[in-house]
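There are 2 protein chains.
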Amino acid sequence: MPDSVPLPTPEAVLFDAYGTLFDVYSVGLAAEQLWPGRGDALALLWRDKQIDYTRLCSMSGRYRPFWDLTRAGLRFAAQKLGLPLDRAAEDRLMNEYRHLSAFPENREVLQALAARGVRAGILSNGDPDMLAVAVKSAGLQDWLNPVLSAHSVQRFKTDAAVYQLGPQALGLPAKKILFVSSNGWDAIGATWFGFFTLWVNRAGAPLEQLDTTPTRTAGNLRAVLDFFPAS
Amino acid sequence: MPDSVPLPTPEAVLFDAYGTLFDVYSVGLAAEQLWPGRGDALALLWRDKQIDYTRLCSMSGRYRPFWDLTRAGLRFAAQKLGLPLDRAAEDRLMNEYRHLSAFPENREVLQALAARGVRAGILSNGDPDMLAVAVKSAGLQDWLNPVLSAHSVQRFKTDAAVYQLGPQALGLPAKKILFVSSNGWDAIGATWFGFFTLWVNRAGAPLEQLDTTPTRTAGNLRAVLDFFPAS
Numbered sequence: 001m002p003d004s005v006p007l008p009t010p011e012a013v014l015f016d017a018y019g020t021l022f023d024v025y026s027v028g029l030a031a032e033q034l035w036p037g038r039g040d041a042l043a044l045l046w047r048d049k050q051i052d053y054t055r056l057c058s059m060s061g062r063y064r065p066f067w068d069l070t071r072a073g074l075r076f077a078a079q080k081l082g083l084p085l086d087r088a089a090e091d092r093l094m095n096e097y098r099h100l101s102a103f104p105e106n107r108e109v110l111q112a113l114a115a116r117g118v119r120a121g122i123l124s125n126g127d128p129d130m131l132a133v134a135v136k137s138a139g140l141q142d143w144l145n146p147v148l149s150a151h152s153v154q155r156f157k158t159d160a161a162v163y164q165l166g167p168q169a170l171g172l173p174a175k176k177i178l179f180v181s182s183n184g185w186d187a188i189g190a191t192w193f194g195f196f197t198l199w200v201n202r203a204g205a206p207l208e209q210l211d212t213t214p215t216r217t218a219g220n221l222r223a224v225l226d227f228f229p230a231s
Numbered sequence: 232m233p234d235s236v237p238l239p240t241p242e243a244v245l246f247d248a249y250g251t252l253f254d255v256y257s258v259g260l261a262a263e264q265l266w267p268g269r270g271d272a273l274a275l276l277w278r279d280k281q282i283d284y285t286r287l288c289s290m291s292g293r294y295r296p297f298w299d300l301t302r303a304g305l306r307f308a309a310q311k312l313g314l315p316l317d318r319a320a321e322d323r324l325m326n327e328y329r330h331l332s333a334f335p336e337n338r339e340v341l342q343a344l345a346a347r348g349v350r351a352g353i354l355s356n357g358d359p360d361m362l363a364v365a366v367k368s369a370g371l372q373d374w375l376n377p378v379l380s381a382h383s384v385q386r387f388k389t390d391a392a393v394y395q396l397g398p399q400a401l402g403l404p405a406k407k408i409l410f411v412s413s414n415g416w417d418a419i420g421a422t423w424f425g426f427f428t429l430w431v432n433r434a435g436a437p438l439e440q441l442d443t444t445p446t447r448t449a450g451n452l453r454a455v456l457d458f459f460p461a462s
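So the sequences go chain by chain: R and Y. Sequential numbering of the first sequence, starting at 1, is according to my numbering. Sequential numbering of the second sequence, starting at 232, is according to my numbering.
Quick caveat, the hints were computed from the structure, so don't treat them as lab data. Note that the structure is predicted; figures quoted are calculated from it, not measured. Honestly, I wouldn't trust all of these hints.
[Stated by the list, open to error] In silico DMTMM-like pairs for lysine to aspartate or glutamate, Cα to Cα no more than 20 Å straight-line: (1) Y:K311 with R:E90; (2) Y:K311 with R:D48; (3) Y:K311 with R:D40; (4) R:K80 with Y:D317; (5) R:K80 with Y:D271; (6) R:K80 with Y:D442.
Could you put together the complete structure from these sequences and hints?
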């Protein structure tokens, strides 16, 4: 849908967490200190394997918490890149993952949504503990409610059971909810599910070549506000 | 399970097709002619996106044939790498994909299995047309029956519905069937499902850091024969 077409105003927003509100590549700095010149490669492959594992476990009905799969992804990535990962390095990187940086525009966007009376929450693959710590670390707890986790259905995105947590918790149909993600595949999955979607394409990635497109695409989170004209 | 522990002899073998019998990276040569110095990168990313798309479509209940997802993966990969993919280049690469090289040891292994009276077939994400052409191009049609495709259940691996095609077609329980794959994730999914598994780790990849391991791991397809002692 071209950005110029007026859309019905959604009644609530759900944000993906990892990559969208929290910068999953901020762990690259700590990795860079451990393995100079390889930090970015580790952060990229770690993220890829983490996502990979959510899909395998979900498709095979072998759910494991996101935290465990994050650790498993780290171990695989380090081994694949030939980086020695002792227990101390693993703990350090996992601890970084627990306290990821939030993107700088988050707070102003969440404040502006609150000022316009729009409810905002999280709908994430992360498990409840991880999400609680991340939200609190970033000082965003006053603006995000509900915080919905895939853990409660023991499936991961893009399984419809996960997205369905949104309509269920908000008491709204999917078509009244805006879902925001920086992950192209998540924006596509959410569009298939029936949400309005905003793909925050921070990295300038190509559009997924599947049979749908996100409702809108933008470079940062501020574009959320364009869905909610100030009255 | 250590390779030295004697296993009960399976009653049939099912091979994964892409990556296992057919070399998905052989398209890198054609890609290299189109884009010198970038052929391998294209082949790697193409394969990753193809698999990625099978999972997204399967998890979201949006099945599309493997052939279509292979083309979609190619388009994404070319765009991501900044390689100009006109219609002629796309058709050429897709045609290469239709006629992938078979690994050199395939024929002798399939002949030896037949000589030992062991039934061998394929269980693949590929759609029936792709599989039929690939098997025939490689001259393997006399040794592979049944050829089972994910298409019949409109799901992709590692969904149990796909692996279940094996026991159903062979009239054997999963624990009497050996499943062979070069894809670590496929070997894990099949192990979870209940098959004996052989991971043909041609690329020397790290083991997936999940909660199980393939029954055995080897460097090429000949290790299949070790499951079937000559009588």
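Do the hints match the structure? See the list:
1. Y:K311 with R:E90: 31 Å, violated
2. Y:K311 with R:D48: 16 Å, holds
3. Y:K311 with R:D40: Holds, at roughly 18 Å.
4. R:K80 with Y:D317: 34 Å, violated
5. R:K80 with Y:D271: OK: K80 (chain R) and D271 (chain Y) at ~18 Å, within 20 Å.
6. R:K80 with Y:D442: Given that 20 Å is the threshold and the Cα spacing comes to 18 Å, the pair holds.
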